[in-house]
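A.B. asks: Here's the letter readout for the chains.
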Amino acid sequence: RKEVEQDPGPFNVPEGATVAFNCTYSNSASQSFFWYRQDCRKEPKLLMSVYSSGNEDGRFTAQLNRASQYISLLIRDSKLSDSATYLCVVNNPSNTGKLIFGQGTTLQVKP
Amino acid sequence: NAGVTQTPKFRVLKTGQSMTLLCAQDMNHEYMYWYRQDPGMGLRLIHYSVGEGTTAKGEVPDGYNVSRLKKQNFLLGLESAAPSQTSVYFCASSYGRGGFTDTQYFGPGTRLTVL
Numbered sequence: 353r354k355e356v357e358q359d360p361g362p363f364n365v366p367e368g369a370t371v372a373f374n375c376t377y378s379n380s381a382s383q384s385f386f387w388y389r390q391d392c393r394k395e396p397k398l399l400m401s402v403y404s405s406g407n408e409d410g411r412f413t414a415q416l417n418r419a420s421q422y423i424s425l426l427i428r429d430s431k432l433s434d435s436a437t438y439l440c441v442v443n444n445p446s447n448t449g450k451l452i453f454g455q456g457t458t459l460q461v462k463p
Numbered sequence: 633n634a635g636v637t638q639t640p641k642f643r644v645l646k647t648g649q650s651m652t653l654l655c656a657q658d659m660n661h662e663y664m665y666w667y668r669q670d671p672g673m674g675l676r677l678i679h680y681s682v683g684e685g686t687t688a689k690g691e692v693p694d695g696y697n698v699s700r701l702k703k704q705n706f707l708l709g710l711e712s713a714a715p716s717q718t719s720v721y722f723c724a725s726s727y728g729r730g731g732f733t734d735t736q737y738f739g740p741g742t743r744l745t746v747l
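Each protein sequence line maps, in turn, to chains E and C.
Numbering (our numbering) for the first sequence: 353 to 463.
Numbering (our numbering) for the second sequence: 633 to 747.
These are calculated hints, taken from the structure and not from any lab test.
Do not rely on the hints blindly, as some may be mistaken.
[Said to hold, decoys possible] Heads up, simulated DSSO-like pairs for lysine-lysine below, C-alpha to C-alpha not over 30 Å straight-line: (1) K702/C - K354/E; (2) K703/C - K450/E; (3) K394/E - K646/C; (4) K450/E - K702/C; (5) K354/E - K646/C; (6) K703/C - K394/E; (7) K689/C - K646/C; (8) K394/E - K450/E; (9) K431/E - K462/E; (10) K397/E - K450/E; (11) K641/C - K397/E; (12) K702/C - K397/E; (13) K702/C - K462/E; (14) K702/C - K431/E; (15) K431/E - K397/E; (16) K462/E - K394/E; (17) K354/E - K450/E; (18) K703/C - K397/E; (19) K394/E - K641/C; (20) K702/C - K641/C; (21) K431/E - K689/C; (22) K689/C - K394/E; (23) K354/E - K394/E.
[Said to hold, decoys possible] Ranges between beta-carbon positions, derived for each pair: (24) Y422/E - K689/C: 40 to 46 Å; (25) A688/C - D359/E: 44 to 50 Å; (26) D694/C - N417/E: 25 to 31 Å; (27) E408/E - G730/C: 40 to 46 Å; (28) G361/E - A634/C: 28 to 34 Å; (29) N417/E - P693/C: 31 to 37 Å; (30) L654/C - S405/E: 38 to 44 Å; (31) Q704/C - L432/E: 35 to 41 Å; (32) D409/E - G709/C: 25 to 31 Å; (33) K397/E - G709/C: 42 to 48 Å; (34) D658/C - Q421/E: 47 to 53 Å; (35) D391/E - M659/C: 18 to 24 Å; (36) D694/C - L432/E: 39 to 45 Å; (37) G683/C - K397/E: 23 to 29 Å.
What you are looking at is a predicted structure, and each value in this text was computed from that prediction instead of being measured.
In this text, a Cβ means the ideal position worked out from N, Cα and C, and glycines have one as well.
Given the sequences, and given the hints that come with them, work out the whole structure.
C.D. replies: Here is the structure:
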């Protein structure tokens, strides 16, 4: 089983749609969770950290379910500029400073 | 703040040639990392450093060496390049003190082709 698993997609959605990405992680001792965004041929960039109580940043909402070891990202009112690959990232509890990256979910927003 | 910078941005090598990729960060981060990213493989950690003068192996270290002589710089060396090392190389840095200080900040990447 992969340490961080994501549905690779691609997710093709029209502008204005709501889309949700899911991610599962294998190590229950993980404590820090993130969503990164990677545009084509660019570096990964932090989109948002995921807090235990869930958090929202504009059109983006992240949720954490520790019992199920599951993280989600919801994007409302999708924009063309949201087209990218979204990486689910979890800390390595055995090694401070190391992160485990999922392979990413690709989103394509169409006009 | 420039953040994390990498040089060069692009490079083409012939099999057997050597080269060094340079990463620099101006955020006073303790931890620095080198990753490679290949289609369908995601990010794979090559080597990392938890502070000046230290280095450690990641999951795919073979064929690479690293050095961290200064806190702000992390060098990745290929002694004898092979076509299998054709990839995009990303450097990253973080405070590495646990929790959300583990957030990593990435450089723009180096696209390396080995012929």
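A.B. asks: With reference to the structure, classify each hint as holding or not holding.
C.D. replies: Verification of the hints:
Taken as a hint, the K702/C and K354/E pair is broken in the structure, with Cα atoms around 35 Å apart against an allowance of 30 Å. Among the hinted pairs, K703/C with K450/E is consistent with the structure: their alpha-carbon atoms are about 18 Å apart, no more than 30 Å. Note on K394/E and K646/C: the hinted pairing holds, with a Cα-Cα distance of about 25 Å set against a maximum of 30 Å. For a cut-off of 30 Å, the pair hint linking K450/E to K702/C stands: about 20 Å separates their Cα positions.
For the proposed pair K354/E and K646/C, the alpha carbon gap of about 35 Å is over 30 Å, so the pair is violated. In summary, the hint linking K703/C to K394/E is supported, as the alpha carbons are separated by about 25 Å, within the 30 Å threshold. For a cut-off of 30 Å, the pair hint linking K689/C to K646/C stands: about 25 Å separates their Cα positions. Between K394/E and K450/E the alpha-carbon distance is near 21 Å, which keeps this suggested pair within the 30 Å criterion.
Among the hinted pairs, K431/E with K462/E is consistent with the structure: their alpha-carbon atoms are about 8 Å apart, no more than 30 Å. For a cut-off of 30 Å, the pair hint linking K397/E to K450/E stands: about 16 Å separates their Cα positions. Restraint check for K641/C and K397/E: satisfied, since their Cα atoms lie roughly 18 Å apart, inside the 30 Å limit. A C-alpha spacing of about 25 Å is found between K702/C and K397/E, which places the hinted pair at or below 30 Å, so the restraint holds.
The hinted pair formed by K702/C and K462/E fails the criterion: a straight-line CA distance of about 46 Å is larger than 30 Å. As the CA atoms of K702/C and K431/E are separated by approximately 42 Å, the hinted pair breaks the 30 Å bound. Under the criterion of a C-alpha separation no larger than 30 Å, the hint pairing K431/E with K397/E is consistent with the structure, at around 18 Å. Restraint check: the Cα-Cα separation between K462/E and K394/E comes to about 21 Å, which is no more than 30 Å; the hinted pair holds.
The suggested pairing of K354/E with K450/E holds, with an alpha-carbon distance near 16 Å, which does not exceed 30 Å. Among the hinted pairs, K703/C with K397/E is consistent with the structure: their alpha-carbon atoms are about 22 Å apart, no more than 30 Å. Between K394/E and K641/C, the direct Cα distance comes to roughly 11 Å. Compliance with the 30 Å bound is thereby established for this hinted pair. Using a Cα cut-off of 30 Å, the hinted pair K702/C and K641/C holds, with the two alpha carbons roughly 21 Å apart.
For the hint linking K431/E to K689/C, the alpha-carbon distance of about 40 Å lies beyond 30 Å, and the restraint is violated. This hinted pair checks out: K689/C and K394/E have alpha carbons roughly 25 Å apart, not beyond 30 Å. The suggested pairing of K354/E with K394/E holds, with an alpha-carbon distance near 25 Å, which does not exceed 30 Å. The hint said 40 to 46 Å for the Cβ distance between Y422/E and K689/C, and at roughly 31 Å that hint is violated.
Checked against the hint of 44 to 50 Å, the C-beta distance between A688/C and D359/E comes to roughly 32 Å, which is inconsistent with it. Range check, D694/C to N417/E: Cβ separation about 38 Å, and the 25 to 31 Å hint is violated. At about 25 Å, the CB distance of E408/E to G730/C disagrees with the hint of 40 to 46 Å. Separated by about 33 Å at the C-beta atoms, G361/E and A634/C satisfy the suggested range of 28 to 34 Å.
The hinted window of 31 to 37 Å between N417/E and P693/C holds, with their beta carbons roughly 35 Å apart. Taking the beta carbon of each, L654/C and S405/E are about 41 Å apart, inside 38 to 44 Å as hinted. At roughly 37 Å, the beta carbons of Q704/C and L432/E sit within the given window of 35 to 41 Å. Restraint check, D409/E to G709/C: a C-beta distance of roughly 39 Å breaks the suggested window 25 to 31 Å.
In this structure the hint that K397/E and G709/C lie 42 to 48 Å apart at CB is violated, the actual value being about 27 Å. Separated by about 36 Å at the C-beta atoms, D658/C and Q421/E break the suggested range of 47 to 53 Å. The hinted window of 18 to 24 Å between D391/E and M659/C holds, with their beta carbons roughly 22 Å apart. At about 41 Å, the beta-carbon gap between D694/C and L432/E stays in the expected band of 39 to 45 Å.
Our hint of 23 to 29 Å for G683/C and K397/E holds, since their Cβ atoms are close to 25 Å apart.
Hints 1, 5, 13, 14, 21, 24, 25, 26, 27, 32, 33, 34, counting from the list given before, are not met by this structure.
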